[in-house]
Amino acid sequence: METFQLRSEPVENRGPLLLIINGAVTGGAAIIVALRVISRKFIIKQLGPDDWTMIAATLFAILNVAIAGLGVKHGTGKHKWDLTQQDALPAAKLRYVTHIFYTLISGLIKASICLLYLRLFPNIRNIILCTIVFITAMTVAIILATIFQCSPIDAVYNEDKYEHYTCFPSIPFWYATAALSLVTDILILVLPLKTLLGLQIATRKRLIILAMLSLGFFACIASVVRMVYIVQLYRGSDPSWDTFDVSIWSGVELAVAIITASLPAIRPLLTTLFPRLLPSTRGVSRPANYGMQNKSASHLERNISLSVLKGRRRSNMVDDESTKALCESST
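Final position of the sequence shown in the working numbering is 332; the numbers increase by one with none missing.
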């Protein structure tokens, strides 16, 4: 049995800092998604499945910050010997819940990006569909494995309750999930790379695309760093304290991924508000043209999809123009 002792010296508490950082990055991501919704709903006049999926991911991310806040209330960010017996169990239970939410949010973000790809890149439709199926199966499997990692289930956060219980090895499990997650992250980044870099577009736009991809790679790096701290958490003996680093990098990774996936969709809004700052070669800066532009892009997209289904081939020039038109309709 663990013992909890009250001490006279000041208690170290990183909980408030955790809430400030995660609240800031998640709040920033929520603002970007709100701008995305405004842009897609009121300018492009269409919210797609990718938008709804990203909205769901953002709402769960906000909820996850709220759950982390409850964890801080019960001692997350403090050393375990500074926790009372009344706080230790709720803190462990909330830590368990945030692991589940992290996997769900990550899966929704990846699915949203793939759904966007379906609209923008019909030439790789089958690969994207297979990726969506794999991500969905992987997300469900990891969530179930996280929930049922111990028998009885609640032994994962309340081991003192049972004299006998079994759990599968946690560190190999988290290494495996990290590897799968990293592979899917890189795959999602690489899938459209050849098409995007092959477009005949201005150097400035090409640099913008590369900058957004760089943000995506930063999210991958954050995922790796998070996994290092996850292993430290499960190898260590001070979970309430070690959770701080895991929570910070989880929040940063998810927020950066949400922002990276949503930035292209707010371009129509920015070109409307700042037409001189972000000029468009296709008249995107004129609000009256948005409806016609969206219909034209949708018609073009349907034609491309039908062409793929019928097995017809188009020239590289037409493919480039199609992708550019589709990208500009979303960005």
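No lab work stands behind these hints: they were computed from the structure.
By construction, the Cβ of each residue, glycine as well, lies at the ideal position given by its N, Cα and C atoms.
Wrong hints could be hidden among the right ones.
Cut-off 16 Å, straight-line C-alpha distance, at most; resulting in silico cross-link-like pairs (EDC-like, lysine to aspartate or glutamate) [as the list claims (entries may be wrong)]:
# : residue 1 : residue 2
1 : K94       : D155
2 : K74       : D88
3 : K81       : D243
4 : K81       : D155
5 : K94       : D239
If you anchor each label on the Cβ, the simulated ranges turn out as follows [claimed, not checked]:
#  : residue 1 : residue 2 : range
6  : I125      : D155      : 38 to 48 Å
7  : I222      : V134      : 37 to 47 Å
8  : R207      : V184      : 39 to 49 Å
9  : L145      : K46       : 34 to 44 Å
10 : L211      : D155      : 44 to 54 Å
11 : K42       : L216      : 19 to 29 Å
12 : I32       : P170      : 48 to 58 Å
13 : R207      : Q86       : 35 to 45 Å
Tested hints:
1. K94 - D155: holds, 8 Å
2. K74 - D88: holds, 8 Å
3. K81 - D243: Holds. K81 to D243 sits at ~10 Å (cutoff 16 Å).
4. K81 - D155: Violated, at roughly 19 Å.
5. K94 - D239: holds, 15 Å
6. I125 - D155: 38 to 48 Å: This hint holds: roughly 44 Å between Cβ atoms.
7. I222 - V134: 37 to 47 Å: At 27 Å between Cβs, range violated.
8. R207 - V184: 39 to 49 Å: violated, 27 Å
9. L145 - K46: 34 to 44 Å: Taking Cβ atoms as reference, L145 and K46 lie about 39 Å apart, which means the hint holds.
10. L211 - D155: 44 to 54 Å: Check passed, 47 Å falls within 44 to 54 Å.
11. K42 - L216: 19 to 29 Å: Given about 24 Å between the Cβ atoms, the range holds.
12. I32 - P170: 48 to 58 Å: Cβ of I32 to Cβ of P170: about 41 Å, so the range 48 to 58 Å is violated.
13. R207 - Q86: 35 to 45 Å: violated, 59 Å
Hints 4, 7, 8, 12, 13 from the earlier list are contradicted by this structure; the remaining hints agree with it.
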